[in-house]
Every structure is written in C-alpha cells, then in structure tokens.
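> So you can see what is in the structure, the chains are spelled out below.
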Amino acid sequence: MSKAEYPLPDGRVVFYRHPLFVRIVHWINAVCLLLLLMSGLQILNAHPALYWGQVSTFDQPFINFRSGEGAAFPAWAILPGWQDLASGRRWHFFVAWVFVLNGLAYAVYVVASGRLRRTLSPTREQLRHLGDSIVEHLKLRFPHGEEARQYNVLQKLSYLVVMFFLLPLMILTGLTMSPGMDARLHLLTEVFGGRQSARTLHFLTAAAIVLFFVIHVLAILAAGPLNEMRSIVTGWFAIRPGPTVSRAPPVHKELTK
Amino acid sequence: MNRRNWLQRSLAAAGALALSGCDRIAQSERVNSTLDWAESWTRGVQRVLLGRNALAPEYSEKDISREFRANGTTHPDTDEYNALAQANFAGWKLVVDGLVERPLQLSLNDLRQMPSRTQITRHDCVEGWSCIAKWRGTRLSTVLQRAGLKPQARYIAFYCADTLELALDGTGQYYETIDLIDAMHPQTLLAYDMNDRPVDIAHGAPLRLRLERQLGYKMAKYVMRVAAITDFTKLGRGKGGYWEDRGYQWYAGI
Chain Z
1 MSKAEYPLPD GRVVFYRHPL FVRIVHWINA VCLLLLLMSG LQILNAHPAL YWGQVSTFDQ
61 PFINFRSGEG AAFPAWAILP GWQDLASGRR WHFFVAWVFV LNGLAYAVYV VASGRLRRTL
121 SPTREQLRHL GDSIVEHLKL RFPHGEEARQ YNVLQKLSYL VVMFFLLPLM ILTGLTMSPG
181 MDARLHLLTE VFGGRQSART LHFLTAAAIV LFFVIHVLAI LAAGPLNEMR SIVTGWFAIR
241 PGPTVSRAPP VHKELTK
Chain S
1 MNRRNWLQRS LAAAGALALS GCDRIAQSER VNSTLDWAES WTRGVQRVLL GRNALAPEYS
61 EKDISREFRA NGTTHPDTDE YNALAQANFA GWKLVVDGLV ERPLQLSLND LRQMPSRTQI
121 TRHDCVEGWS CIAKWRGTRL STVLQRAGLK PQARYIAFYC ADTLELALDG TGQYYETIDL
181 IDAMHPQTLL AYDMNDRPVD IAHGAPLRLR LERQLGYKMA KYVMRVAAIT DFTKLGRGKG
241 GYWEDRGYQW YAGI
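Residue numbers (the numbering used here), protein chains in the order written: chain Z, 1 to 257; chain S, 1 to 254.
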C-alpha cells in the first residue's frame with residue numbers, strides 16, 4: 001500500500017491517481033482543444049470545402065460542407081459566434097501556441113518521470129488479453145476494484161494514439177498549411193500529399209479527436225462520473241478493493257492457471 | 001414547473017449565458033491584443049527557421065491550375081483605370097519613390113527589359129484554397145536597387161488602383177506593406193505575366209506583387225506605386241495593409 005491511500009467508511013479506498021501537473025495539463029489541453037475546434041470551424045467557414053492534392057479543384061471537392069445558402073457551420077459551433085475569419089485566425093494561432101507548449105511540457109514530463117512507461121504503456125500481460133478487453137468493453141463492462149487501479153489496455157492504447165499520433169498529426173498538418181513553413185518543410189507537404197491534402201487531413205484528424213472526446217466522456221459516464229471527475233480535478237480516485245468475482249479480469253484468470 | 005422543464009430551461013439559460021459571454025470575450029480589446037502576441041511569436045520563429053532566402057516550392061507546367069480563383073477586387077472600376085486598361089496599359093507607369101535616392105517611373109516596357117524571373121508557385125488564399133500558376137516579372141530587389149534605398153527605409157509600401165470598400169474615414173484603397181527581408185527575397189516579383197500571358201484584369205493587371213512565402217492578401221494587385229517608407233502607422237488605419245486594417249495579420253506566413 002502506498003502512502004497516498006486512505007480507506008473510506010463505505011469500504012472503498014481512495015488513492016492519489018493524477019499528479020497536479022497532469023491535472024493542470026489535462027484541463028489546459030481540454031480548453032485549448034475546444035477553442036481550436038471552434039475557431040477552426042470559423043476558419044473552415046470561409047471556404048467550406050476540402051480537396052486532395054496541392055491545389056483546390058473547385059468543381060470537384062472531396063467534401064463540400066455548404067448546402068444551399070448561409071454558413072456551413074452554425075454560430076454556436078464557431079468562435080467568435082459571427083462570421084469573422086480574421087478573429088477566428090487570431091484565436092486559432094494564439095491557442096495553437098498554448099496547446100503546443102502545454103503538449104511539449106507534458107511530453108517532457110511524461111517521459112522524464114517514467115509515467116509513460118509505468119502508467120501509459122500496456123504491459124505484455126495486458127496486450128496478450130487485448131481481445132478479452134475489447135469484448136468486455138463492448139459489453140459495457142469496465143474494470144472495477146483492484147484492476148481499476150491502473151489504466152486498462154484499451155484506455156492506454158487510446159491515450160497513446162491520441163497523445164502521440166493524433167495531436168502531433170494535428171500540429172504537423174496545421175504547419176504544412178503555412179506558406180512560410182512550406183518554404184522550409186516542403187518534405188512535410190510531400191508526405192501529406194500536398195497542401196490541400198494536409199488541410200483535409202487536419203479536418204479529419206480533428207474529427208477523430210472529437211470522436212475520442214465522445215468516447216472519453218461516455219466511458220466516464222459508464223465508469224462512474226463523480227469518481228472520475230474527482231480524480232481529474234483533485235487527483236483522488238476511489239476503488240472497491242478485493243477480488244471481483246463477477247467480472248473476473250483477465251489477470252486473475254492468468255493467476256489461477 | 002416540473003423537474004425536466006426546469007432542467008431544460010436552466011440548460012438553455014446556461015447555454016445562452018455562455019454564448020453571450022463568449023461573444024463579449026471575443027469582442028474585448030484586451031483579449032484581442034493578447035491574441036496578437038501569437039503573430040509576433042509566429043513571425044519571430046518563422047524568420048529564424050526560414051532565414052532570408054529559403055525558397056517557396058516551385059512546380060512544373062503540368063501542375064498549373066485550370067481555374068485560378070480571383071478574390072477581392074476583380075476589376076477596379078474607375079475612369080482612370082478603365083482608360084489605362086483600354087489602351088492596354090500603354091500609358092501606365094509604375095512610380096517608385098519614397099525613401100529612395102533616384103525616384104523612378106517605369107513603363108511596362110521598361111520593366112520587361114529588366115532581368116526577369118519566371119516561377120511556377122502555389123498561391124494560398126487566407127480563406128483556405130490554393131491554386132498554382134506561372135508568374136514572370138521583375139524582382140522587386142532589382143527595381144529597389146536601381147532606385148537606391150535610403151538607409152532610413154524599413155518597409156516597402158504598395159499603393160493599388162482599386163478601392164475595395166470605401167469607408168467613412170476615407171480609407172478603403174488597397175495597399176500593402178512588407179519588410180525589407182521579404183522585399184529582397186529572390187522570389188519576390190513585380191509580376192506582369194501570368195501563365196505566359198499578360199496578367200489579366202481579374203488577377204491584377206498590369207502589375208501585381210508575388211510574395212511567395214505569405215498568403216494571397218499580401219500580394220497586392222493593380223500596383224501603381226511602390227514607396228520605401230520608415231513605418232506604416234500613418235497609412236490607412238495604420239496596420240500595414242487593407243486587410244490588416246480589418247483585423248488580419250500583417251505577417252501572413254501562416
């Protein structure tokens with residue numbers, strides 16, 4: 001038992017799950033992503049069509065968001081809440097700086113503190129039971145008790161994909177759209193298949209992050225919203241210790257062999 | 001009022017409050033000047049990364065866009081401009097003045113007789129679209145060297161024939177400013193040909209700026225006068241360009 005752990009009267013145990021630094025980074029990141037999404041949709045409203053390649057094939061867009069008259073994305077979804085590309089860009093590029101610096105600080109921390117290895121990397125054991133975990137999740141059964149002390153394998157993998165693939169991809173596709181950066185990082189433009197492809201990928205990646213957000217929130221609701229919310233605000237997370245017979249976790253199966 | 005009703009109403013009220021709060025924040029002067037820091041960070045970092053001479057990518061003939069969209073003014077509909085256009089810009093002269101040793105007046109023929117550069121480049125509009133075209137013109141650096149910049153010169157201003165939107169304060173004529181790093185860049189052209197033909201009226205006839213490492217709105221069309229200046233706070237509304245005066249970034253490398 002680590003020192004940062006206390007029993008509750010109802011038999012549960014609370015332990016310190018998220019260090020202060022992680023909580024701060026998480027919430028800065030959450031606010032940044034919301035502002036980036038809304039200012040991003042404001043920018044997209046200025047030309048709500050996506051293409052593949054270097055240039056815009058105006059008569060053959062990959063996606064055309066505008067159906068009929070009016071803006072493609074409504075006032076409640078954009079920042080600011082009226083048509084204003086200049087302000088949208090101002091918000092987007094300011095928040096992008098905060099987002100990048102926040103993300104870099106986290107990346108340094110998570111590697112240097114060993115948290116990446118300890119907390120976020122799936123164990124070999126977990127990877128072997130990946131299939132079981134997927135089945136359990138599809139049945140909306142989430143790990144409880146001692147097993148909830150660490151992230152489960154799907155949780156770890158999705159965090160890793162978001163933090164080390166989707167968010168960096170967001171930054172790189174964004175940079176590729178900059179005509180200035182294109183003079184220095186044209187290789188990146190080539191990798192993404194052209195500036196308009198990078199713009200399309202920027203949007204699709206944003207959509208993937210929104211999808212992650214939806215699943216993230218649903219998982220919190222299913223796993224106990226108060227407990228989850230308390231842990232990301234105060235750091236303290238409650239579990240009910242002891243063997244959980246009804247939802248025999250893969251680890252236990254392994255032990256009884 | 002039952003509980004569901006109450007919940008719905010309070011949610012709607014909270015939403016409306018959040019929205020109007022957002023709008024108030026987005027309109028606040030202090031918030032906007034804070035957001036402007038990002039522009040100087042971006043400019044600073046890009047200046048370090050790009051240096052003076054990093055070139056914008058150039059493309060081949062087969063990459064040229066079939067349709068090259070024209071934004072902003074597509075025909076400066078003034079009597080003076082129409083008269084010039086009618087005569088195929090035979091009477092047009094580019095004025096080069098301001099902080100220069102030798103003010104110049106250059107006809108299209110004068111410009112065509114100076115050394116030229118041809119480049120096939122991608123034009124990125126602030127709205128998000130891109131088109132590729134072939135441009136031929138005189139390097140701005142060649143013209144400025146011929147005129148001889150005075151040491152106090154810090155920026156180059158471009159005065160255009162078009163008034164995009166005449167405002168009550170008398171501003172609205174298109175203009176742009178760039179610094180000397182961009183002015184001396186090898187791809188910065190005063191372009192007179194587009195896709196092997198004289199630049200057409202929609203794309204800025206008879207002369208437009210090409211500034212390949214920045215967005216389209218920096219590339220002034222219908223350029224009538226080029227002037228070397230020390231600062232741009234007295235031009236237009238003081239932000240360094242028509243769109244800059246309307247909230248867009250002066251540094252448009254992003």
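Quick caveat, the hints were computed from the structure, so don't treat them as lab data.
Every residue, glycine too, gets a C-beta built ideally from N, C-alpha and C.
There may be inaccurate statements among the hints.
Derived coverage of chain S by chain Z (criterion: at least 3 residues anywhere in the stretch with Cβ under 8 Å from a Cβ of chain Z; other residues may be distant) [unchecked claim]:
hint : segment
1    : 29-43
2    : 84-93
3    : 220-233
A short list of chain S residues far from chain Z (calculated; beta carbon distances all over 12 Å) [to be verified]:
hint : residue
4    : Lys150
5    : Gln152
6    : Gln249
Interface residues of chain Z toward chain S, partial, derived using beta-carbon atoms under 10 Å [to be verified]:
hint : residue
7    : Glu5
8    : Pro48
9    : Asn64
10   : Ala183
> Hint by hint, note whether the structure agrees.
Verification of the hints:
{"no.": "1", "hint": "29-43", "verdict": "holds (count 9)"}
{"no.": "2", "hint": "84-93", "verdict": "violated (count 0)"}
{"no.": "3", "hint": "220-233", "verdict": "violated (count 0)"}
{"no.": "4", "hint": "Lys150", "verdict": "holds, 28 Å"}
{"no.": "5", "hint": "Gln152", "verdict": "holds, 27 Å"}
{"no.": "6", "hint": "Gln249", "verdict": "violated, 7 Å"}
{"no.": "7", "hint": "Glu5", "verdict": "violated, 37 Å"}
{"no.": "8", "hint": "Pro48", "verdict": "holds, 9 Å"}
{"no.": "9", "hint": "Asn64", "verdict": "violated, 12 Å"}
{"no.": "10", "hint": "Ala183", "verdict": "holds, 4 Å"}
Figure legend: structure checked against the earlier numbered hints; hints not met, in rising order: 2, 3, 6, 7, 9.
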